[in-house]
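Protein chains: 2
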Amino acid sequence: MQPDQIREHLRKFTQLPHLAGTEQNLRYAEQIKKEWMEFGLDSVEMVPYDVLLSYPNKSEPNYISIIDQLGNEVFNTSLAEPVPEGYENVSNIVPPYSAFSAKGQPEGDLVYVNYGRTEDFFQLQREMNINVTGKIVIVRYGKIFRGNKVKNAMLAGAKGIIMFSDPADYWAADVQPYPDGWNLPGGGAQRGNVLNLNGAGDPLTPGYPAKDYTYRFSLEDGVGLPKIPVHPIGFHDAVNLLKNMGGQIPPNNWKGALNVSYRIGPGFTDDFKSQKVRMNIHTDNQVTRIYNVIGRIRGALEPDRYVILGGHRDAWVFGGIDPMSGAAVVHETVRSAGKLLSKGWRPRRTIIFASWDAEEFGLVGSTEWAEDNTKLLQERAVAYINADSAIEGMYTLRVDCTPSLHTLVYDLTKQIASPEDGEEGVSLYESWHKRDNWTNDRDAPRISKLGSGSDFEAYFIRLGIAAGRARYTKNKKTERYSSYPVYHSVYETFEIVEKFYDPSFKRLQAVAQVRGGLIFLLADSQLLPLDVNQYADSLRKYAQSITQLAQKHPEEMKMYEVSFDSLFSAVENFTVAARDLHECLQTLDRADPLQVRIMNDQLMYLERAFIDPLGLPGRPFYRHVIFAPSSHNKYAGESFPGIYDALFDIQNSADPEKAWEEVKRQISIAAFTVHAAAMTLTPPA
Amino acid sequence: MQPDQIREHLRKFTQLPHLAGTEQNLRYAEQIKKEWMEFGLDSVEMVPYDVLLSYPNKSEPNYISIIDQLGNEVFNTSLAEPVPEGYENVSNIVPPYSAFSAKGQPEGDLVYVNYGRTEDFFQLQREMNINVTGKIVIVRYGKIFRGNKVKNAMLAGAKGIIMFSDPADYWAADVQPYPDGWNLPGGGAQRGNVLNLNGAGDPLTPGYPAKDYTYRFSLEDGVGLPKIPVHPIGFHDAVNLLKNMGGQIPPNNWKGALNVSYRIGPGFTDDFKSQKVRMNIHTDNQVTRIYNVIGRIRGALEPDRYVILGGHRDAWVFGGIDPMSGAAVVHETVRSAGKLLSKGWRPRRTIIFASWDAEEFGLVGSTEWAEDNTKLLQERAVAYINADSAIEGMYTLRVDCTPSLHTLVYDLTKQIASPEDGEEGVSLYESWHKRDNWTNDRDAPRISKLGSGSDFEAYFIRLGIAAGRARYTKNKKTERYSSYPVYHSVYETFEIVEKFYDPSFKRLQAVAQVRGGLIFLLADSQLLPLDVNQYADSLRKYAQSITQLAQKHPEEMKMYEVSFDSLFSAVENFTVAARDLHECLQTLDRADPLQVRIMNDQLMYLERAFIDPLGLPGRPFYRHVIFAPSSHNKYAGESFPGIYDALFDIQNSADPEKAWEEVKRQISIAAFTVHAAAMTLTPPA
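In order, the protein sequence lines correspond to chains A and B. Counting from 1, one number per residue, gives the positions in the first sequence under UniProt numbering. Counting from 1, one number per residue, gives the positions in the second sequence under UniProt numbering.
Pairs count within a copy or across copies, as identical chains cannot be separated in the list.
With a cut-off of at most 20 Å between alpha-carbon atoms, the simulated SDA-like pairs for lysine to any residue come out as follows:
no.	residue 1	residue 2
1	K664	E220
2	K664	L219
3	K211	L614
4	K477	D443
5	K476	D443
FYI, nobody ran anything at the bench for these hints, they're computed from the structure.
Chain A with its partners taken away, still in its complex shape (with noise of 0.2 Å):
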C-alpha cells in the first residue's frame, strides 16, 4: 500500500462537496464502484435505500437573532463559514446546521448549561435551581454526542438549543486557525446530526431496510427525531449571545476559553434585559435516496464466511479527514487486494468491502444494508472492521476494538513500520507502545472499547459481529480539544491533512496496513484469529470496576442486598471454559476441514453470544451486553451498560428501591449472559 497512491485518492474524492443523497456523492459511489471493478474485485454493486434525510430549505436559511422587545433583530448569526482560499467557487457547500432540528422560530431567555451533559442539567437544575422550561439552551460542544445534548434540553423542557464550539474544545495551542493551521477559525462551526436513534437506522424504518415495499412511519412517529429547533454556531457568533447574559456565575469547570463571563442566565443582563433570543430554523425533512457501495472477493474454501471493511463516503462538505481519510486507506486497501488477486492469490474467506451513504445522519447507509442483510450476517459474519477517519491527530496510533481482537492487533502492529520521522526501523506497536501505554493495567499499548458514532455501531452493537476500528490520533494528555478542531465544518480540506495532519501520507498507510492487515488475517488464516482468553480477562476487568461504581453506595447495596457474586461466578466459568477451548485449539487436527470449521464457528460465535434478542432496556437496536454507550453519551463505551445505566438512574430516581430492583435485574442478565457465552466455548456435546 502505497503512500502517493492514498494521497490521490484522497485528493480524487475531496475536490467537491458530496453530502449524502446529493448528486455528487452518487458520482463518487460510481466513480468508486468503476474502480473497484478495475482493481479486479469479483463484483461490486450499488445498493440503493430510500431513507430520511435532512437539509436546511435553500430559500429560508437557518440563523439566530438577537431580537430586542419590538422583535427587531439586532444581532443575527451568520448563514455560512468563511469559505476557504481555492474553494471559492464551490457550489452546494451546505451551510452548518443541525441534521433533523424541528423547524421553527422559538423566542426566549437564553440559559447556558455548559456542555448540556446529564449532569449539567442536574447541576443547574438542582444546585442552581434554575428551570429551563420554556428557555432556550445554549451549551458548548464537546464531551458527549450532541444528540445527548438535544435530548437533555428536551427532556428539560427547553424550546430551543444552540449549540458553540468553544476554543476551551475546539482549539490547540500554539496553532494558527485554518489555513494558516489546523485550528478551528471563529467563523467556523461543527455540522452534524442531532438524532437519538440507538441504533435504529432510518428513523422512519426501524428495524427493517428502507426499500420500495418498506412500511414508513410517520414523521411523528419516527425514532429519534427532535421535537425543538437546534442550531450549531461558531465561537465568534457564540461570543455575541453570551457576552451580554445575566445571572448566576458558574463554576470554573462551566467556564470556556471566550473572553465572557459564561453566565447561566436566563437572559441576559440588566442593560440588555429586554431582548430576548429566536433561533430561525427551516430546516427539512427528506426522504431520499442513498447509496452503498459493495464489493466483494469470493472466499475459495468458505466463501459463507465473511470479513467485512466498511467506512462512509458521505461527508458534510468535502470529507477532507471525515470520512475520506479513512476512505482513501479502503480505496487502497482494494488496489492492493486487487493485486493479490491477480497474482493468484484469493482468501480463504469472502471479503466485503463497503462504501458506506449517509453515516453523517444517523449510521444509515450501513445500518440498512445490516437490516437488508441481517439473516447472512447473523449467521456468517466474521468480523467487522471500520474505516471512518484515518486521521484526528498526529501523535500515535488508536485502536478501539472487541477483547477477542487485541492479540491480533498485537501481531499485527509489530509486523507494520512506524510511520513516524527518526522511527526507522522502529515498529508502529513499539512507537504506540511508547507514546501510549496502557496505564495502571498493563504493559501494552492502550486498546479502548468501542462505543458508538461510526458504522460499526450495528454490526457490533445490534448483531454482535467482532468489530475493531484504528486510526491515527492525537496525544489525549496534552490535546485537550474535542475530536479535532475543525470536525465537521468546510476546512476539513485535502490541504488540511496534506499540509498538517500527514505531508508524507505515511501515517494513513500505517492505517491502512492495520485495517487491510485485519481483514487479510481474518480472511485468509485458517484457524481465525480470535483470542478467547482476552476476552476472559477483559469480562474480569469490567466485572471489577463495574462493581466499584456500584460501591459508591454501600449502604444501599447493603440494604437492597445487591450482589455482583452471580456475575463473577459467570466471569470464572467463562476464563475456565476460554481457557480449555483454546487448549483444544493447540491440539487440533489441522487437515480435518470438518474440525476446523467446527472450531472456527466456536470462534466467530463468540461475539455472538453477548447479544440479548430483547435489547438493553429501552433500545431495542443496542443488544451487545458487554458493550454499548451509555444512554447518556453515545460516543463512549460501557462495559456492561445495563447495569451502567441502571447505577446512573439511582441517583434520579424518585423511587430508590424499584432503581435498585432494576440494577439487580441488570446483573441477572449480565451474568446470565456471560454463562451462555461461556457455553458456547465449551465442547460442542
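Fit chain B to the supplied structure of chain A, relying on the hints for placement.
Chain B alone, transformed into the frame defined by chain A:
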C-alpha cells in the same frame, strides 16, 4: 421398537400422579435418567429450574356456590372427581382447578358466553347488548385455548370465569363414560393453566432461565397471570349453574348438549332472581423446583449439530394419554437408539432427548431450557421433534410440521407399516392418505401447521428451529369433540389406552417409528433432509390465503391502498432461490466435507431466517413471521400471524385508518422476511 415395551413403559410411568413440582415427578425423572443411562446414552443429566407453579390450597378447597340472598350456599360444585376403580387408595390426586387463577371470592350474576371466544364476546356485547362488567361469566370449554377465554373475560370486565365441559364438546356418540368407554363422566372436569404467556415460559423470569441467580419479577409484574378467579367444572355441576339462568335465549350455535336452555343471563330467572353465584378460589402461586431430564448421543462427525426429541413428563394426574403415551414412545426410542449404539452405530450429528417438566404450567420446563441454551440452539439446532401425547384417537396419523419437513414425513411414513387391523402390507402413508387426504389442495395425506400448546413452542416460534409433531388421532370429520373426552381429567389412566385407544400398542409403535425415524434421519443423513421447494410452495399458499382474508374488505383495501404485491414478489424470489439451491444440492461434491457443511448450514438456517428479533406486535417471544398462533387462540397455528392479527383487529378498531396502516406494516414485514430468507438460500458469496 416393540409394542410390548411401549406398553410396559406406559404402565410404569402412569401408576402414580406426577404433577410438576411434586416428589413423584422427581422420582420419575430419576428413574428415566437411570434407565436412559442403562439404555446406553452418552450422558444424561437432570436440569433443575425454580419456576412459578400454582396449586390448590390443601386446607381451603376451591368450589363454586349458588348462594341465596342471605349468602347461604344452596348449591356447591364438587370438590373432586370420582376416582376411577383401582385407584381408590392413591393419594395426591389434585382436584380439578385452573392453574394460576387469581385468588378470590367474587359474587355476582352469571352470564353465559358460549366458548368465550373473541367473536362470542363481540356478539354478546354488540348484538345482545350485554355488558359483563362485574359479572361472572360461564363458558364452555373447547374451540380455543382456555387462557384466551380468561383473557377475553378479563378484557370484557368480568370478575370471574367458570369453564365447563359440555357433552357437545367432550362426548363421543355411542361411547360409554369411563371406565366402560372413553367418554368423560359427568363428574369429570378439565384441569389446565389459564395463563397468557405468549411463549414467555416461567412468568417471573421472561426471556431468561429460572436459575438461582436469576432476577424474578414480583407476582404483580409476572407475565400472563390472570387477575380474576377461574375455575373448571364438569357437566353435572354445570347443569346446576345453568338450569335456572334467565335472560335471552341464545342462537343455536351457542347451545350445547345439556338439557338446559343455555340462556345468556345475566343472572337467574325470576324464581331464582335473588340467588347469586360465588366463586371460592384459594389457589396459590409458588416458586417450585422442576426437573428436565436431558440425554445425549454425541454426534460422530458434527457434534455441534443438534437434533432434539423432546416431550413432557409432568401430568395433571396419571397422564395415561397426556403426556405419558408420548413419554413411553420417547423411552422406547431411547432404548432402541441405545441398541444401535451398542452395535457400533453413532449418528453423524448429536441427538438430544428431553423429558420436560411443567409443560402443563405453561410449557415451562422446555422454555426455560431453551432460554438456558438459547445461544447453542440458535447456532446449532437442526430440528426439534415434539413428543407430547402420542394418541388422541383411533383413526389415523396426524402430523403438524414446518413445510421443509413435509417430504421427509412422506418418505418416512412410506417405510412404516400401518398399525390398523386388516392393513397388513399397507404402509402408514397409504393408510393415512386414505383416511385424511389434503382435500381440495393436493393428493397427499394432510399435514397441518404448527400452532402452540406444547413444548415445541420455544424451539419453533421463538428460536426458528425446524419442528414437527406426530400422533395418532380421531376422525375429525365425524368426531366433533375437542381434543379427546377425558383430556386433563383423572380418567386419563393406563387402562384407557390399553382398553380403548391402542390395545395392541401398535398405534403407539407407529408413532414411535415416525418420531424416532425423523430423529434418526435428521441426525444421520449426510445432507439434511429438509425440502426448501416445499417451503416455497407453502409460502405461496399462505400468501394466497391471507390475501383472500383481506379481500373480504375490498373497499377498504382500495381506500387505504393495501397491496399484497410485495409479498407475492418476495415469495417468487424465494421460489427461485429454493429451486436454485435444490439444483446445487444435486450436483454437490459429497466427498468435500466443507462443501457439505456449507450446504447443510444453508438448509439448517432457513427456518431461523423467518425469525424477526423484534417479535410479533406485543408478543416479544413469538418471533416466527410465518407461523404462530393468532392472539385469539393459542392452539391454532396461523400463517403470516402478524397480518392475520392485524386483519382480525380491523373489526374491533375505533380507528380503521390506523388499523389498516398496521395491516400494511405487517405485509411489509412479511415481505421483508421472505426476501431475507430467500437470500439465505442463494450461493453464499
